[in-house]
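The listed protein sequences correspond, in order, to chains A and B.
Its first residue numbered 29, the first sequence is counted upward by one per residue in the working numbering.
Its first residue numbered 29, the second sequence is counted upward by one per residue in the working numbering.
Just so you know, these hints were derived from the structure itself, not from any lab.
Wrong hints could be hidden among the right ones.
Here are the computed lysine-lysine pairs in the DSS-like style, where the Cα-Cα straight-line distance is at most 25 Å [stated by the list, open to error]:
1. A:732 with B:739
2. A:739 with B:733
3. B:739 with B:716
Reference listing, derived: stretches of chain B covered by chain A, where coverage requires no fewer than 3 residues with Cβ under 8 Å from a Cβ of chain A [claimed, not checked]:
4. 421–435
5. 611–619
6. 627–636
For clarity, every value in this text was computed on a predicted model and none was experimentally measured.
Beta carbons are placed, not taken as given, at the ideal position from N, Cα and C, and that holds for glycine.
Protein chains: 2
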Amino acid sequence: MNLLWIVPVSGVLALAFVIYLVRDVMGRDKGTPEMQQVGEAIYKGAIAFITRQYSTIAVLAIVTAVVVAIVVGSFTEGVETEAIGIIGTDLAIRTAIAFLVGAAASALSGIIGMYVAVQTNQRVAAAARTGVGEALKVALRGGAVSGFLVIGLSLVAVYVMFEIYGGSQGGENLRFAPFLIVGMGFGASFVALFAQLGGGIYTKAADVGADLVGKVEAGIPEDDPRNAGVIADLVGDNVGDCAGRGADLFESTVAENIGAMILGSALYVVTQSALVANPNLPITPEAWIFFPLVVRAFGLIASLIGVIATTSIGGIKLNAGENPMNPMFRGFAVSVVLSAIALFFVVNTMLGSIWFFWAGMVGLVTSVVLVLIAMYYTESRWRPVQTIARASLRGSGPNIITGLAIGFENTAAPVIVVSIALISSYWLGTQAIAQLFPADTEFFLGLSGSFVGGIYGTAVATMGMLMTAAYVLTMDTFGPIVDNAGGIVEMSGAPAEMREGTDALDAAGNTTKALTKGYAIGSAALAAFLLFSAYLDKVALVREDMGLPLSVVDGAHVVNLGKVEVFVGAMIGAMLIFLFSSFAMSAVASVAERIIVEVRRQFKEIPGLLEGLPGAKADYSRAVDITTRGALRAMILPGILAVATPIIVGYVLGAEAAAGLLMSGTIAGVLLATVMNNGGGAWDNAKKYIESGEFKDEQGIVHKKGSEAHKAAVVGDTVGDPFKDTAGPSVHVLIKLLATITLVLAPLFVK
Amino acid sequence: MNLLWIVPVSGVLALAFVIYLVRDVMGRDKGTPEMQQVGEAIYKGAIAFITRQYSTIAVLAIVTAVVVAIVVGSFTEGVETEAIGIIGTDLAIRTAIAFLVGAAASALSGIIGMYVAVQTNQRVAAAARTGVGEALKVALRGGAVSGFLVIGLSLVAVYVMFEIYGGSQGGENLRFAPFLIVGMGFGASFVALFAQLGGGIYTKAADVGADLVGKVEAGIPEDDPRNAGVIADLVGDNVGDCAGRGADLFESTVAENIGAMILGSALYVVTQSALVANPNLPITPEAWIFFPLVVRAFGLIASLIGVIATTSIGGIKLNAGENPMNPMFRGFAVSVVLSAIALFFVVNTMLGSIWFFWAGMVGLVTSVVLVLIAMYYTESRWRPVQTIARASLRGSGPNIITGLAIGFENTAAPVIVVSIALISSYWLGTQAIAQLFPADTEFFLGLSGSFVGGIYGTAVATMGMLMTAAYVLTMDTFGPIVDNAGGIVEMSGAPAEMREGTDALDAAGNTTKALTKGYAIGSAALAAFLLFSAYLDKVALVREDMGLPLSVVDGAHVVNLGKVEVFVGAMIGAMLIFLFSSFAMSAVASVAERIIVEVRRQFKEIPGLLEGLPGAKADYSRAVDITTRGALRAMILPGILAVATPIIVGYVLGAEAAAGLLMSGTIAGVLLATVMNNGGGAWDNAKKYIESGEFKDEQGIVHKKGSEAHKAAVVGDTVGDPFKDTAGPSVHVLIKLLATITLVLAPLFVK
């Protein structure tokens with residue numbers, strides 16, 4: 029049965045839900061005049077940055093679209109869609125349009141998500157006057173706008189483009205439609221890279237700069253209105269965390285979805301010919317291509333119900349005095365259980381083999397396990413954060429060494445979990461294919477049935493994992509919203525007990541941000557294999573078209589690390605991750621320096637500012653402006669590096685070396701991003717743990733805010749900030765960008 | 029022509045040189061009674077540690093030898109040496125003996141090198157009274173003992189074992205002899221891993237522990253005799269840098285040499301059959317196997333002349349008032365030029381194709397370029413160190429972020445250089461084979477001539493690079509010797525102008541240590557491909573023996589990253605590097621903590637110690653003992669992890685996945701070691717740069733010792749220490765261990 033109708037239905041549902049949420053949130057009280065004033069300043073700064081950032085990105089994207097069109101249009105042979113007559117100018121225009129649609133939708137996701145977040149935070153601050161439960165509800169609803177808009181848009185955009193580019197025509201056009209829309213993935217990750225880089229540099233440069241002068245030099249509290257950098261800091265939370273993450277998850281889900289459809293396209297061909305010989309097979313050819321869309325649509329609905337349960341259903345929503353994380357976990361559990369049920373139904377209806385249900389369950393379970401691992405490494409309840417806090421007693425050196433050691437250590441568990449997930453979902457896929465197809469079925473391009481099925485099994489696992497994406501992104505956006513709300517409460521001079529409530533939410537927000545990163549990186553690792561294989565499928569089709577011999581051993585595509593140029597490609601791929609991270613971190617340091625100079629200058633030149641005399645006001649907009657210009661300039665070089673390296677390696681060393689770069693870059697990227705994300709989260713929470721007053725040394729003496737241990741922990745947090753909020757998330761986008769660039773430009777690399 | 033006679037000759041020459049040096053150094057003045065007292069304390073502590081460390085390692089090595097023998101003896105098929113009747117118990121005993129010989133020689137290299145270094149440092153301190161030139165001479169000669177002993181021993185040991193295990197018998201026995209001695213490489217790297225880990229943990233735990241309590245808490249100078257940890261710190265320089273590095277370079281040269289001989293073995297077969305068809309070929313079969321030994325023997329002699337020139341020949345040796353680095357560079361240049369001449373002669377005589385000379389030159393040039401890159405990133409004259417120093421003005425957070433960014437950045441240049449070296453030496457090798465063999469020559473195991481020749485080209489490049497190894501190791505050991513000499517001068521209360529002289533030497537020593545690490549890591553990257561290929565050759569022979577189909581595409585062995593289990597192996601390989609580094613760094617932190625407690629206790633409990641009252645003496649031996657026990661306990665877990673992981677992956681996922689682990693682990697290892705080594709060196713030198721009083725901020729204000737910037741730089745150095753002296757060098761050994769373990773156990777992995 030064809031369940032494709034659920035895709036537009038889920039899209040409409042998500043849109044309706046978003047409209048409801050926006051109306052609900054926007055209709056709420058904006059709080060005291062002081063709160064509104066601070067909120068207004070954040071809003072203005074964020075809009076100023078986002079306008080300039082996306083103007084810059086738009087120019088870059090249009091130039092790139094033109095270049096891509098010229099390159100793609102120049103291919104005279106070796107294009108898989110030649111089979112349906114799409115090559116040359118026709119292909120160039122379609123690719124450029126797909127690129128721009130992906131780019132625009134990614135930009136839209138980022139902008140709207142951020143806009144709503146900025147609007148929500150002051151309402152959360154206002155709601156905090158009523159109580160934590162109400163504040164949590166408003167923050168989650170604001171977060172859900174981002175979550176459902178981004179994930180819904182990514183699903184609908186892929187669906188619509190797929191239908192337009194041949195999906196609705198059936199036959200060979202349907203088969204090749206997934207290849208025609210890969211440009212969307214490239215466009216989306218191109219924009220996401222710059223959005224995440226620019227936003228990430230902005231947020232951490234502002235944070236580090238404001239804190240170093242304010243907290244360390246001048247000795248005034250965080251978010252103190254005397255600090256000229258403080259609004260830039262609050263703006264940063266929105267442009268980095270909300271806009272960046274939204275664009276990132278948009279491109280991830282787009283790329284993984286298209287990759288899975290490309291793999292489905294291979295099974296489409298196989299099923300077509302198998303049906304000729306054996307018309308009783310329990311499957312239809314197009315089911316393989318539709319499945320990724322359908323399963324994600326059900327996931328979107330499951331997430332929607334989960335969010336509603338979290339905010340409104342008794343027994344799930346927050347009980348009085350409870351840790352705000354608990355209702356979110358209960359809601360997440362609802363989404364996971366509903367997703368599993370839906371998965372069972374979809375697999376049974378469309379794919380006809382229960383083995384694929386188990387492959388999808390592997391993905392769902394993996395997502396839960398990865399979330400738990402990220403929690404273990406970043407929550408103060410457990411060993412890692414406590415070890416860092418304890419090391420802080422001996423100074424900032426030991427704090428840093430221990431934090432790095434914890435960061436390095438925390439690569440192990442996710443790699444083992446993802447390894448097991450990959451191998452088991454692959455195996456489940458091979459079983460499914462063996463069940464579905466007669467033993468003598470001939471597969472495609474010399475590939476074996478077990479290889480094709482195994483790869484599809486990993487794709488099903490990835491789709492299973494992505495089912496809860498909207499819920500996870502909701503929790504993620506919740507983080508910066510409550511962080512900002514706390515800042516507004518502090519800056520507007522609200523009473524201390526209100527600050528306590530928002531502090532509890534802020535701590536929960538830090539946890540959810542870490543969880544999402546664990547989820548995102550895990551999905552990247554799980555999806556990696558799917559994306560490589562999509563690339564290798566495309567390369568094989570190109571080689572076939574050019575009359576080159578197939579590169580297949582044991583029924584599998586070959587990426588031979590034993591060849592010198594492939595090994596060199598792999599080495600360069602891993603190096604690219606380090607170099608890119610270096611550029612991102614240096615950018616934070618250099619922009620932060622400019623903010624430091626500015627904040628110091630204002631303290632010196634504005635009479636009475638430091639003393640807090642009435643009438644002495646900091647000039648926030650200048651600091652915002654300096655950060656904006658610095659971050660935009662700094663994002664260009666790493667962005668160009670990321671785009672140019674795979675193209676140069678592919679062009680000079682060939683398609684197999686490009687695959688080596690992609691795979692090794694993905695491995696290094698997943699590991700380094702895990703180090704930076706969770707290491708950074710652990711440092712942050714070690715600092716917060718000490719600030720909470722709960723941390724005791726071996727003699728039972730409490731070391732709290734202001735102690736030497738706290739100072740050491742602040743240094744660790746300063747190091748962790750560009751790790752977890754700039755370089756780590758940007759590396760995550762970079763991995764996807766490598767996959768989509770190589771996918772689009774594969775014909776350029778085949779010689 | 030067969031030049032093999034040069035190998036024993038060069039061995040005897042090296043030995044004679046070492047004896048001469050030892051007599052020369054030991055006959056020198058040991059300085060004032062105070063100097064002798066300090067020297068004696070260091071000597072005792074070092075011997076105490078090394079005795080206990082090597083007793084532990086001996087137990088581990090013997091157990092491992094027995095286990096390896098049992099495993100190897102259990103192979104009933106799929107062993108390449110079955111062709112010459114060596115299998116079962118016979119093979120088991122030979123492998124175990126080779127393992128133990130390698131282990132023992134590695135241990136000997138470490139122990140003697142350290143012994144001489146400990147004896148040399150007080151003589152350098154004494155010579156410093158005469159002048160810098162004399163001190164430099166003594167230090168270099170002491171360093172040369174280590175350099176020539178280690179490199180000479182590694183060459184002679186491989187040669188002797190090769191001859192005994194069949195090399196002298198010719199024919200098929202000669203062909204398989206390189207496979208029979210791979211156990212040596214495993215034994216040597218097994219010992220080196222524990223030596224480097226244990227020594228590395230010791231040295232940095234003592235350093236960090238002593239500095240944190242002494243310099244930071246109590247505010248007394250480095251190497252102050254009141255500090256109970258200071259002797260442990262000085263001992264650490266010897267057991268970590270000298271013994272560890274000696275064992276490391278021993279196993280590297282052994283493994284790379286044997287790997288090159290295994291590749292030669294493939295060409296041996298080809299040449300034999302080609303000669304049947306065409307007796308006029310300008311080559312002999314055994315030349316391919318002998319070449320690596322011969323070229324290294326000439327390199328040993330070239331290095332010997334270089335060292336003599338550096339210490340004794342006018343125009344090359346130190347001129348008055350000159351930077352001590354200059355004569356070392358001039359001497360290095362002498363070695364490089366002589367090596368190039370010898371290389372030309374050897375290639376012409378043995379391999380009959382000038383293309384291989386150019387391949388060797390690629391290796392020589394690469395070594396020089398890598399040394400220059402390491403200098404750029406770690407000397408205070410250039411941007412990287414200056415950037416870190418400047419970041420220190422803004423506190424320890426920015427210092428750490430900038431240092432990490434520099435560390436990440438500095439992976440780029442070496443990767444690009446090694447990539448070019450690999451591709452060009454591979455290409456040169458293909459040209460050589462095309463020149464030497466008729467076009468219709470049938471190569472081996474389905475491989476193409478250009479693949480076999482290309483790989484041999486990279487092996488020739490590696491051998492070219494290793495020609496100057498003895499000179500480089502001499503410079504390296506020079507580092508800890510002058511560091512210790514400086515400590516002795518300080519502790520013995522010598523006049524300030526003497527300290528200035530040893531400080532200049534110490535700065536040079538820091539540079540040479542960084543250079544060697546650049547050289548060592550570069551050689552690891554260049555040799556990686558050679559070692560993989562040796563493993564793949566062996567796997568192919570095993571598969572052939574078991575009647576399995578060959579896994580060859582386009583004439584090259586296949587390690588297919590497109591297969592899920594190979595990708596998973598690769599992911600685990602890279603993760604292993606991070607996890608292992610994490611364990612090494614945590615070990616430093618936890619052992620340091622114990623030292624901190626002890627030094628604090630002594631300051632508190634020994635009356636008058638902190639005030640420096642006469643008669644109040646620190647109890648050095650207790651601190652030494654605590655460090656020793658801590659370091660030995662801490663080295664076990666990471667050591668077992670390193671040995672067990674490749675075996676488990678190979679056994680569970682197969683030989684191709686083990687290759688994936690090996691290759692990806694090597695890539696990640698080379699990158700992370702580069703980050704840690706050069707990052708650590710840059711942090712250290714940024715601190716020294718500030719201490720030198722030469723560092724000025726933008727306003728031209730000098731920030732020197734004791735300034736806030738200096739304090740921040742000290743934190744950076746504390747972080748850099750376990751990077752550059754524990755984790756980084758240990759990862760370097762780990763890479764080689766992965767290669768040798770998989771090489772020995774390949775039959776276990778083939779299914």
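How the hints compare with the structure:
no. : hint             : verdict
1   : A:732 with B:739 : holds (23 Å)
2   : A:739 with B:733 : holds (22 Å)
3   : B:739 with B:716 : holds (12 Å)
4   : 421–435          : holds (count 12)
5   : 611–619          : holds (count 5)
6   : 627–636          : violated (count 0)
Of the numbered hints given earlier, the model fails hint 6 alone.
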